[in-house]
Amino acid sequence: MKDLYKILGIDKSCNENDIKKAYKKLAFQYHPDKNKSSDAQSKFREISEAYDILMNTDKRRMYDNFGYDSISGDIPQINPLDLFQSLFNVDFTGLGENMHSNIFVFSDLSSSPFINTNPVMKYNLECSLEDLYHGTQKEFSIHHNVKKNDGFAKKSTKYIINIKRGSKNGDNIVVKDGGNYIPEMNTTEDLVIQIVEKENPRYKRKDNDLYIKEDITLCEALTGIDIFVDHLDGPLNVKINQIVKPNQMFQVFNKGMPIKHDNQSLGDGTSNGSDKDYGNLILDLNIVFPESLGEKQKEYLKKILIHLDRKKNDGKLVEAYYYKEKDEVLKEFIQEDEDFSQGCIQQ
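For the sequence shown, our numbering gives the first residue as 1, with consecutive numbering after it.
Accuracy of the hints is not assured; some may be wrong.
Claimed, not checked - With a cut-off of at most 25 Å between alpha-carbon atoms, the simulated BS3-like pairs for lysine-lysine come out as follows:
no., residue 1, residue 2
1, LYS158, LYS122
2, LYS298, LYS312
3, LYS25, LYS239
4, LYS24, LYS12
None of these hints come from the bench; they were simulated from the model.
Given only the sequences and the hints, what does the whole structure look like? Please build it.
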């Protein structure tokens with residue numbers, strides 16, 4: 001009879017954490033893309049099957065009470081590689097036969113925030129906006145303490161992270177027990193690797209949209225303009241044929257960041273051809289007014305531009321001077337309202 005506990009090298013009294021640790025150790029050891037021995041594939045399949053059964057409460061109860069034959073016929077065939085990928089998100093493809101146990105390759109990072117249930121060691125993986133637009137691969141080493149006998153020892157582990165096109169700030173991967181060993185707690189931290197997007201001098205990103213500021217003249221705002229944009233995907237000529245008013249923004253569809261899809265090959269520059277594969281490019285246009293105008297310029301503008309027929313009176317002539325930007329005054333009003341509301345709540 002097949003002994004699933006023996007396959008994983010654990011006792012029958014083991015808990016879920018013991019099963020996970022045993023599977024992780026053996027799965028990395030016998031992964032067929034890493035281990036080229038003749039029995040690696042069959043070993044890997046056995047390890048995966050044992051894990052799948054013992055981690056399922058009902059299957060484990062049946063196995064413990066009636067043996068392997070009682071459930072083997074009812075167990076759907078699992079794909080060991082899919083199971084491994086779903087648990088560890090590690091990809092050994094392309095590393096060749098010289099793959100060392102201190103090197104781990106991750107084929108993607110999750111966009112879901114990690115749940116901090118255990119002590120964690122964080123590693124910030126800095127990426128430029130260009131990296132996240134085109135996709136890239138990052139290599140780095142983590143220096144950490146591992147348990148050894150009654151103490152700990154220093155270890156260096158190399159990671160290779162494939163960054164998909166459209167990945168975002170905060171995307172992460174959690175490496176179980178990949179951090180420092182803490183002797184006082186007799187536990188090992190999880191390692192959380194997360195993307196930190198470096199500031200771009202030209203673009204601001206919001207979700208999948210890209211924002212860019214452009215100064216235009218008053219003449220361009222009134223008569224139309226061609227804006228030449230040094231885009232991440234190559235030069236763009238953006239044409240605006242309508243009058244641009246202060247504080248208006250314009251958008252160019254499908255010229256923002258690539259939208260990351262789970263089934264997209266990493267960094268291969270491909271998509272499914274749909275316009276929905278990209279966010280939008282948002283142009284924040286700032287109209288630069290002239291500092292002054294000559295008398296002839298003023299007369300000419302009065303002739304060609306529509307102006308209001310304002311009511312006149314015999315009142316005293318006074319002159320107005322620059323005060324503040326409208327946005328600044330609005331912020332002050334909002335802050336005053338918030339302070340007032342907060343004061344009422346406290347009372």
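Hints, one by one, checked against the model:
1. For the hint linking LYS158 to LYS122, the alpha-carbon distance of about 15 Å falls within 25 Å, and the restraint holds.
2. In summary, the hint linking LYS298 to LYS312 is supported, as the alpha carbons are separated by about 20 Å, within the 25 Å threshold.
3. Taking the CA atoms of LYS25 and LYS239, the gap is about 58 Å. The hint is violated against a cut of 25 Å.
4. Annotation: proposed proximity of LYS24 to LYS12 holds, straight-line Cα distance about 18 Å (limit 25 Å).
Hint 3 alone, counting from the list given before, is not met by this structure.
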